[in-house]
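Participant: Okay, here's what each chain looks like letter by letter:
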Amino acid sequence: MLGSLYRLSKLVQQFVGLMGSKVIRSIFGGVRLWAFLRGCHKNGGRQAQPPAQLFHLSVLLTQFQEMEYVSPEGLRLDGRRPMEMRQIRAEIGVVAKADGSALFEMGNTKVIAAVYGPREVQNRSQQLNDSALVRCEYTMANFSTGDRMRKPKGDRRSTEISLVIRQTMEACIMTHLMPRSQIDIFVQVLQADGGTRSACINAASLALADAGIPMRDLVTSCSAGYLNSTPLLDLNYIEDSAGGADVTLGIMPKLDKVTLLQMDAKLSVETFENVMQLAIEGCKAVATYIREVLLENTKQLEYRRGI
Amino acid sequence: MVGLSIGEKHFIQGGIAQDLRSDGRKRLTTRPIYVETGVISQANGSARVRMGATDVIASVKAELGRPNALQPDKGKVVVNVDCSPTAAPMFEGRGGEELSAELSVALQCCLLGGKSGSGAGIDLSSLVVVEGKICWDLYIDGLVVSSDGNLLDALGAAIKAALSNTGIPKVNVAAGASGDEQPEVDVSDEEFLQFDTSRVPVIVTLTKVGRHYIVDATSEEESQMSSAVSISINRQGHICGLTKRGGAGLDPSIILDMISVAKTVSEQLINTLDSHIAAAEAGEEES
Amino acid sequence: MAGKGGATPSTYSPSPTTQKTKSLSFGNDEVLRPDDREWHQCRPAFFQIGVVAAAAGSAYADFGSTKVIVSVFGPRESKKAMMYSDIGRLNCNVSYTNFATPVRGQAYDLGSDHKEFSSMLHKALEGATILETFPKTTVDVFALVLESGGSDLPVVISCASLALADAGIMMYDLVTSVSVSCLGKNLVLDPTLEEESYQDGSLILTCMPSRDEVTQLTITGEWSTPKINEGMKICTDACSKFSQIMKSCLKGLDSALEEEDSNVD
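Chains as they are written, first to last, in the numbering used here: chain P, 145 to 451; chain G, 240 to 526; chain V, 275 to 539.
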């Protein structure tokens, strides 16, 4: 029994090696899978393995190709429930020189957004006479990913995300109030662990609010996916790269309108509805938190002005 | 970059001449410095340093690689700086590249010493695992998040802090590999070796405005500079690198004078930085 | 080229002349440098102006095996995209030929145009050029390193200032530049490529000798203050000697062959 357990755990370690041990280990600090395997390894001596975990292990080993993203107990790789979001944290005013700025964290994903403007249009040929010009640039720090990035600036992915963020934010900014002016949104990813798109939109939303730019509503965003026949909220990097469907949704919670909807892979209409409903719930949760942060910030400003 | 009226320019220059700068500092006083370590969990070591409105992040990543054939007993260190557009709209797209390249070169010059590797702040031979076969490649990445002058000093401090925070995994080399074979290694994920940072220099930039020079200039003050000399000095008081910016020429004797001023400033800076780093490390362990 | 010496090869024989064979034992005072120079002696320097007919001004310099050609174009109208400026702009570019290095195209690892050197050249020249005399316009300085034989940047800088003078661009003074390498205890003036690869530290000083002003100073490696003093002294002395040669070259005196044996001691 002892020997076979040891062999099992060795096999698992090899399997993890196959998956790219670096990715798994470095992407999230407290990976449940890893801890679980380690625990197994250590407990092996004491023969204190609950049968459920043994079962889990054997499933893992027989299905090298299909990874288990939701354990039979209904827990995900990082220990969350399927409907659970990662911890979110936001901070306003992190870049002193910008007109508005915010830091937004979703688990290990960490982004900074800075807003400059509204100001004079830099490039006259782009000037719009009836509305403000909104520009956006998305950049990833080269230490943001598990393996160091060597990609040059402005690759296709960044350009695409820049465009997505710009369009999403444009929808909520009241551009008609600021004709012939320009608003720049710069988002910088410090750490990427899935859901950077959503995190960037949330950060940009906060930064715009901090800059005092008139908006119809806050835009909040959250992603949801579908793996192991379970809808999952707020995918992390491993779940995101598993190849299942990934729905990124952006909504204006007060107006109850969708401004962004992206999905890859395929889903049946019924499942899609479920997943989208889950993402909406996620967005609303983010919105509640963002409101709190903004309110707190306003209170502080109020206090400083002595009102 | 910084739009200032003539009145404002005179105000800054006049203040410096009278040893009272716009933010109330004296010429040789630095802004308070804030150090936070371990901000990037995926890196082997990282730190965020803030000086006033200047905010930079440095991260250190170690990867196993092969040493250069010409220097089999040395690891490799690459310093790279990026200017995020969040710091200033002018860094958008390729706009920040010029400044990034300049900062990278200056930092490389200050940290890595001469071509033979002597006088380097980072001991390259300590990075070797198996001579001629395996070594650690250290990738030091700096990111300017917010910029209000004195970027080089802030980056230098952040890199020093990040290196103090760096744990390099212990590597066990499987015995038996001989000849030209690449030996098998087992990277431990529990045991880490602390990096020796006592030799890593700090950088002090003296910015010359009018007839005087100041330390830790803000971007408004930098816009009025005639030239700036960045000097990297280690704990022993040795110069580890020097670069000059700005067009105007300087008398050789002034440069020597600047070096001696920088030395005294650097002593304070090293001490404050070390205590801040220690405090940040202690704080990180608690939480 | 000490390694080559001796019999002249009549047929093609690929013999790696430098590198590998010698492990130099510097620090021993009796050992002379590979090219039999004294520690504080420069390589023979040669300057010539007006070598590129199409350019507004041009200069060629060779210091031993380091050969550089610089051409200056302009002043021309600044690009429309650039903002109005009441002073002129310098646009500097340093590039290496494919055959500049011992291994073909080695310099291309750094990119065909050497960004680092380009910005250093710009910094060295901008302080000496009277930019106010050509507002709204740009002067292009293109430097091409034909053969890299050590101390490339200082040679490029000196040569560029000569080319600027040839183009009639107003300057406060000629800019001359020299580097010293620290090899063990010794300071070596005007190091060759071989010496540079062994150096513990280097100091590049760029100055305007008549005004006694330093426009650019770069130090790498660990230096003590007395050593910096000494290094700067050696460099400024050498710079003033070079400026004499460059001036006579501009005046057309003996511009055909100007050999230099500047023994600073």
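Hint data in this document are derived by calculation from the structure and do not stem from the laboratory.
Here the structure is a predicted model, which is why all the values come from computation and not from measurement.
Be aware that a few hints might be false.
[Said to hold, decoys possible] No farther apart than 27 Å at their CA atoms in a straight line, the calculated lysine-lysine pairs in the BS3-like style are these:
| # | chain 1 | residue 1 | chain 2 | residue 2 |
| --- | --- | --- | --- | --- |
| 1 | V | K410 | G | K248 |
| 2 | G | K315 | V | K389 |
| 3 | G | K248 | G | K265 |
| 4 | V | K459 | G | K313 |
| 5 | G | K502 | V | K410 |
| 6 | G | K502 | V | K389 |
Participant: Does each hint hold? Answer for all of them.
Facilitator: Hint check:
1. V:K410 / G:K248: 23 Å, holds
2. G:K315 / V:K389: 22 Å, holds
3. G:K248 / G:K265: 18 Å, holds
4. V:K459 / G:K313: 23 Å, holds
5. G:K502 / V:K410: The given pair, whose Cα atoms are some 41 Å apart, is violated under the 27 Å limit.
6. G:K502 / V:K389: Violated, at roughly 31 Å.
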